[in-house]
Amino acid sequence: MKCPVDGTELMMTDRTGVEIDYCPQCRGVWLDRGELDKIIDRSAPEAPPAAPAYDPAYDYDDRDRGYDDKPRKRKKRGGFLEDLFDF
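Going left to right, the sequence shown walks through residues 1 to 87 as the UniProt record's numbering numbers them.
Among these hints, one or two may not hold up.
[What the hints assert, rightly or not] Label pairs and their calculated CB-CB ranges:
1. P52 / L81: 26 to 34 Å
2. P24 / P45: 26 to 34 Å
3. P52 / D6: 48 to 56 Å
4. A50 / D14: 29 to 37 Å
5. A50 / K2: 46 to 54 Å
6. L81 / M11: 13 to 21 Å
7. T8 / G34: 48 to 56 Å
8. K38 / T8: 19 to 27 Å
9. D6 / E35: 40 to 48 Å
10. E9 / E35: 17 to 25 Å
11. A51 / P4: 19 to 27 Å
12. G34 / P4: 13 to 21 Å
13. E46 / T8: 31 to 39 Å
14. T8 / A47: 35 to 43 Å
Simulated from the structure, these hints should not be mistaken for lab results.
Each residue gets a CB set at the ideal place from its N, CA and C atoms; glycine is no exception.
Construct all of the structure, not just a fragment, from the sequences and the given hints.
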């Protein structure tokens with residue numbers, strides 16, 4: 001199959017049971033019927049783990065935590081889609 005954008009032959013890869021066609025030239029991703037539904041179903045959020053019980057033996061005291069007023073960069077969260085499109 002050829003890329004609809006630039007006519008390059010599409011490469012096929014299997015990512016977690018979903019067959020993805022992609023163009024090595026323009027990096028376009030092409031999905032067959034039903035593949036987007038599979039991706040959406042698999043990327044649905046899982047239930048968060050239960051919070052650990054509070055241990056009253058530890059008192060809350062943040063005086064020595066070393067907080068400062070420097071802005072922090074947000075960390076990028078990895079996820080299902082990052083693993084899926086990692087080629």
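Hint check results:
In this structure, P52 and L81 meet the distance hint of 26 to 34 Å, their C-beta atoms being roughly 29 Å apart. Checked against the hint of 26 to 34 Å, the pair P24 and P45 passes, with Cβ atoms roughly 32 Å apart. Separation of P52 from D6 is about 52 Å and conforms to the stated range, judged on CB atoms against 48 to 56 Å. Separation of A50 from D14 is about 34 Å and conforms to the stated range, judged on CB atoms against 29 to 37 Å.
Take A50 and K2: their Cβ atoms lie about 50 Å apart, and the range 46 to 54 Å holds. For the hinted restraint 13 to 21 Å between L81 and M11, the CB-CB distance of approximately 19 Å keeps it satisfied. Taking the beta carbon of each, T8 and G34 are about 24 Å apart, not inside 48 to 56 Å as hinted. Checked against the given bound of 19 to 27 Å, the beta carbons of K38 and T8, roughly 25 Å apart, stay inside it.
Hint check: D6 to E35, Cβ distance near 21 Å, so the stated range 40 to 48 Å is violated. About 19 Å separates the C-beta atoms of E9 and E35, a value consistent with the hinted range of 17 to 25 Å. Restraint check, A51 to P4: a C-beta distance of roughly 48 Å breaks the suggested window 19 to 27 Å. Here the CB-CB span from G34 to P4 is close to 19 Å, well matched to the stated 13 to 21 Å.
Taking 31 to 39 Å as the suggested C-beta distance range, the pair E46 and T8 conforms, at roughly 37 Å. The supplied range of 35 to 43 Å is met by T8 and A47, whose beta-carbon atoms lie about 42 Å from each other.
Hint violations for this structure: numbers 7, 9 and 11, all remaining hints satisfied.
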